[in-house]
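**Student:** Quick note, the sequences are listed as chains A and B, same order. Residue numbers for the first sequence follow our numbering, so the first one is 1 and each next one is one higher. Residue numbers for the second sequence follow our numbering, so the first one is 1 and each next one is one higher.
These are computed hints drawn from the structure, not numbers from a lab. Any given hint could be a false lead.
Any copy, or any two copies together, can satisfy a pair, since identical chains are not distinguished.
Stated by the list, open to error - DSS-like cross-link-like pairs, simulated, lysine-lysine; straight-line CA separation at most 27 Å: (1) 193 x 145; (2) 121 x 97; (3) 121 x 145; (4) 145 x 195; (5) 195 x 121.
Just so we're clear, the structure is a prediction, and the values are computed from it rather than from any experiment.
2 protein chains.
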Amino acid sequence: MNIGIYIYNRAEVLDFSGPFEVFSSASLICPSGNPFNVFLVSEMGEAVTAACSYSVNPAYGFHNHPPIDVLIVAGGDHTEELEKQAVIDWIAEVGRKATLSASVCTGAFLLAEARILTTQKVITHWEDILDLQESYPDLTVCESKRWVDEGAVITSAGISAGIDMSLHLVSRLYGFELAEETARYMEYDWTDKGKGLL
Amino acid sequence: MNIGIYIYNRAEVLDFSGPFEVFSSASLICPSGNPFNVFLVSEMGEAVTAACSYSVNPAYGFHNHPPIDVLIVAGGDHTEELEKQAVIDWIAEVGRKATLSASVCTGAFLLAEARILTTQKVITHWEDILDLQESYPDLTVCESKRWVDEGAVITSAGISAGIDMSLHLVSRLYGFELAEETARYMEYDWTDKGKGLL
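Please take these sequences and the hints and turn them into a complete structure.
**Tutor:** If you want it as C-alpha cells, here you go:
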C-alpha cells in the first residue's frame, strides 16, 4: 500500500515527519512483510524548505510518483498552496483515486479547496478552527478531538495529532495490534479510544 | 542559543525531527525574540538518508557549523557511527564545549563512546537498555522514564521521548511557560511532572 505525503515550502516539520515515522515503523516491525510504502511528494520533486529552514528531499514530484493509495496532506503555512491551481488539481485527482485521503493540521484547508472535503465533520489546528469553518461553511468543524474519521477522508488536529491519526490509520488499514506495537516501538503514549471521532 | 542536532545515515526520523519541531516552534511563538537557533549537522554536511529512505539536507557539516551551545545526538541505527573515529572525536569535542549535551534513543551509545556519558544515570530505547548497560558498565541505565537530567547531560528514552526531553530543555533553558505554550502549539500532551528523572 502506497502512502504519499504531500509537502511544500513552509510545511510544518512534524506534520509530515510524524506520519512518516508511524508508517515506516509499522512496516519495519510488521511480522508479515512490509505493508506500507511511505514517501514524500512535492510539486516539482525537488528539495522543499519546510518550516524554520528544515530542508527535505521528497522521493517524487507530481510528474513521477507511483499510484497513491493513501494521500496525506501536511499542514503548515498553507496559504500559498491554496492559490496554486496545479496543486489543488493534483490533490483533487489523487484524492479521488485514493482509497482514502487525510490531512494533518491546516492540510484540511487544501483538502477542502480540492473538494475532497465538502460536507463532512472535520478538524484542524485549534488556532484555525474558526477560519476553516468560515472559509468552508458546509463543513462541520469539530473541536477537542485528535482526529475525525469520515470513512474516505480523515482529518487530524494540529501538528502532533498527525501521529495519533496515523496510528489510527495503521489500525484501520492493517490491524489494531500492529498500531499498538508501532506506538510501543516509538514509545508513544497512544490510545485509539476516546481520542478520535469515528 | 545554537541547538545543533547530529544526524547520520539511518538515523531515526522522529529522533531529530521531533526536537527540531520543539525548538523551532518555541522560537516561533516566543514573545521576546527567537531564543533558539536549531539546525541539523551531519559529518560531511551533505544529504543524509535517514531511516526508511527519508532524505534530509543538514544545514552544516563538521567543517562549517557555528558554535553549538546545546548538542543533541539522534538515535537510530547507530552502530556504524560508533566505529567512526571522526564522529566520536567531534561529539567529544563539541560536547565538552557545549553548555549541555543530550541524546535521543540510542544516541546515548554515541555520547557514551565519546565519554560525554561516563558514570551518570541515563536512559535509552527500551529495546537497548541491556546492551547499553553491558557496553558501558559504569553507567546506571534507568527504566520507565521519558528522560534523565544529569545537569550537563540529558538522555531520553526512545523516539517520541525526544519530544518530551526537548520540551523539558525549553523549560530549563528559557522557562516553563514557554515549554507549556510550545506543547500547546504542537497539540502535544506533555507534562514535565513525573515523566522525567531530575
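**Student:** Evaluate residue 195 and residue 121 at a C-alpha cut-off of 27 Å and name the case that applies: within, between, both or neither.
**Tutor:** The answer is within: 15 Å in one copy meets 27 Å, while 35 Å across copies does not.
**Student:** How would you classify residue 193 and residue 145 at a CA-CA limit of 27 Å: within, between, both, or neither?
**Tutor:** Classified as both: same-chain Cα gap 11 Å, cross-chain 24 Å, threshold 27 Å.
**Student:** At most 27 Å between CA atoms: does that hold for residue 121 and residue 97 within a copy, between copies, both, or neither?
**Tutor:** within (21 Å within a copy, 52 Å between copies)
**Student:** My question is about residue 145 and residue 195: at a cut-off of 27 Å on alpha-carbon distance, are they close within one copy, between copies, both, or neither?
**Tutor:** both (6 Å within a copy, 24 Å between copies)
**Student:** If the cutoff is 27 Å on CA atoms, where do residue 121 and residue 145 land: within, between, both or neither? Let me know, please.
**Tutor:** Answer is within; shortest intra-copy Cα gap is 11 Å, inter-copy 37 Å.
In summary, this structure violates none of the numbered hints.
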